[in-house]
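The listed protein sequences derive, respectively, from chains A and B. First residue of the first sequence: 1231, per my numbering; consecutive thereafter. First residue of the second sequence: 256, per my numbering; consecutive thereafter.
The set of hints was computed from the structure by calculation and includes no laboratory data. Values in this document were obtained by computation on a predicted structure and should not be read as measured data. C-beta: ideal position from N, C-alpha, C; glycine also. One or more hints might be untrue.
[What the hints assert, rightly or not] Only some residues are given here: those of chain A computed to face chain B with a beta carbon under 10 Å:
id, residue
1, 1257
2, 1271
3, 1276
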Amino acid sequence: MSLIKEAELPGLGKKYQIELESSDRLVVVIYDEGHRELYHFPSGESEPAFSFTLTDQESRQVGSVIGGAFYQPRMLEKLELAIAELRIEWLKVAPGAKVVGKSIGELGLRKNHGVTVIAIIEEDSKGKKKATAINPGPGFVFLPGQVVVCAGKLGNVERFQEIVTREED
Amino acid sequence: MFEDPVANLGLVFIFIGLAVLTANKLKFSSIPLLILLGIFFGPHAPGYGWLDLRLINVSESIELLSRLGALFLLFHLGLEFSAGKVVENGVIILKGGSIYVGLNFIRGLALGWVFFGSVPEMLVMAGITTVSSSAIITRLLMELKRTANPETELILGIMVFEDIFMALYLSFLSGYLLFQKAAFSSVFLSSLAVMIFVFFLLLGARRLSVYLNRLLSIHSGEVFTVLAFALILLAAFLADVLHVTEAAGALLLGLVLAETLHAKRLIQIFAPLRDLFGGVFFLSFGMNIDYHQFAAVSGIAVMMTFATIAGNLLAGYLSARACGYRGPAAANIACTIIARGEFSVVVAGLAATAGMVGIMQPFAALYVLLLALASPVLAKRARKIYTAAVYFWNKLSGIKQILGNFNAGKE
Chain A
1231 MSLIKEAELP GLGKKYQIEL ESSDRLVVVI YDEGHRELYH FPSGESEPAF
1281 SFTLTDQESR QVGSVIGGAF YQPRMLEKLE LAIAELRIEW LKVAPGAKVV
1331 GKSIGELGLR KNHGVTVIAI IEEDSKGKKK ATAINPGPGF VFLPGQVVVC
1381 AGKLGNVERF QEIVTREED
Chain B
256 MFEDPVANLG LVFIFIGLAV LTANKLKFSS IPLLILLGIF FGPHAPGYGW
306 LDLRLINVSE SIELLSRLGA LFLLFHLGLE FSAGKVVENG VIILKGGSIY
356 VGLNFIRGLA LGWVFFGSVP EMLVMAGITT VSSSAIITRL LMELKRTANP
406 ETELILGIMV FEDIFMALYL SFLSGYLLFQ KAAFSSVFLS SLAVMIFVFF
456 LLLGARRLSV YLNRLLSIHS GEVFTVLAFA LILLAAFLAD VLHVTEAAGA
506 LLLGLVLAET LHAKRLIQIF APLRDLFGGV FFLSFGMNID YHQFAAVSGI
556 AVMMTFATIA GNLLAGYLSA RACGYRGPAA ANIACTIIAR GEFSVVVAGL
606 AATAGMVGIM QPFAALYVLL LALASPVLAK RARKIYTAAV YFWNKLSGIK
656 QILGNFNAGK E
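Bound conformation, chain A alone (with noise of 0.2 Å):
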């Protein structure tokens, strides 16, 4: 995870900056009036090399397509979110895991674990995408090879990801 310091600036917005693992960093101004503005530093400089403007609405778009909203890439295993306490997290389900052939309802995930499932992804043999459950209901059931998209706190979402990841013995 690459580290994002925010700093306030009084009269504009906010400033989030965000060092790249290319040591460069990328700086996002969001100003009180709605628009945002996106700054490359290249390592080791103190004035940007580039910039752009975004208006409220764009940035929103463009925030949604870096999200994968539209198209993600394959390795989603590793990939985590997090926004401050909100902890957004791809998991695959393990075959001997504990959730396997349990529903969401059994399982009480919301009220026992303290996590939502968003989603489900079921792929193929080949890794193709096959099916999407979105907002899955109580009744759904895991089984292994499934990728659970869930939401919740860090720490719960990290005990949720024992349970289905780990292999029972």
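Place chain B on chain A using the hints.
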């Protein structure tokens, strides 16, 4: 000139619209343009025969709107530039801000004493020239695309520091000016007491916010807006009772309410009101100025402008260094915080209500205009100024070295 108040008001807003539109096109703050239009189309404007530029006058209604404009402007400033926003970098901002404001204030006092040789004028002069304009500077930062730079955090932090400094200084200065007739020491002490009261009010703002949160937790937008407006007027009135300028009351209320949960909602509601009536405030300040008086103050204004620029470059650079910024970033800080604006106008207006009419207002107008012209030029060329400074510094140390060698050779 129109006798009908609505026609006069309509014309006033046509000029404000013109200033705002032009400023927007030039991507610069509208404050200097508003003052300029006020001077050239107000009651003191030139008028020869058929060509009469005296189009608008300061009627009673304009006066009231301008006062409201000042209240909204300072209330909004207090909300935006409050201590709560920079709490994380508190120590750095305290350090940088006190160096910057302290040096500027001393320069203002010293030159005020040199030019006028009397205490009230000296204090007003320091008030007009110490604090920079956050409205102009934030516009400048956006225009130059420097908002994401690391040093911008310090620049805006200094704005916050100035804001709090001004809340204290205005409450001291107004008490002092409005009571000048009484014995010097007692006035000084009572003004000091008011200032200390304000200081503790600001310190206790966080604790007060618990009650204010409860008072303001109103769902209805209508009730909330009316209540907040009533609070501003109440603060202005209470300030008046304490012999503090109403502007300081509004600023203080803004600073206190900024600590509550409702700060964002208040900003959203009062930003359009500030935009509307703040323009009237600056325009009517210009309208009250007779440009014939410029001749008398131009010398002081030009000298003060140069002194401010030089003093600012030094003070900005020193406070930047104290906060750990080096090289071009420090130069950016020094070259950006130059413009003066809203607070200079407020202090000049305060001087007018205290009966100091004639010199301070045209001085403040000319000074704000001159710095408004100079500041974008300097801010844009921060890099060049830095390289030039480094070049001269190296030359200087080179000469020193040669002199040193020369002396060594002689021995």
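Results for each hint:
With a cut of 10 Å, the hint placing residue 1257 of chain A at the interface with chain B holds, because the nearest CB-to-CB distance is about 4 Å. For residue 1271 of chain A, the suggested interface contact is upheld, since its CB lies about 8 Å from the closest CB of chain B, less than 10 Å. Annotation: residue 1276 of chain A was flagged as interfacial toward chain B, and the flag holds, the nearest CB pair being 5 Å apart, inside 10 Å.
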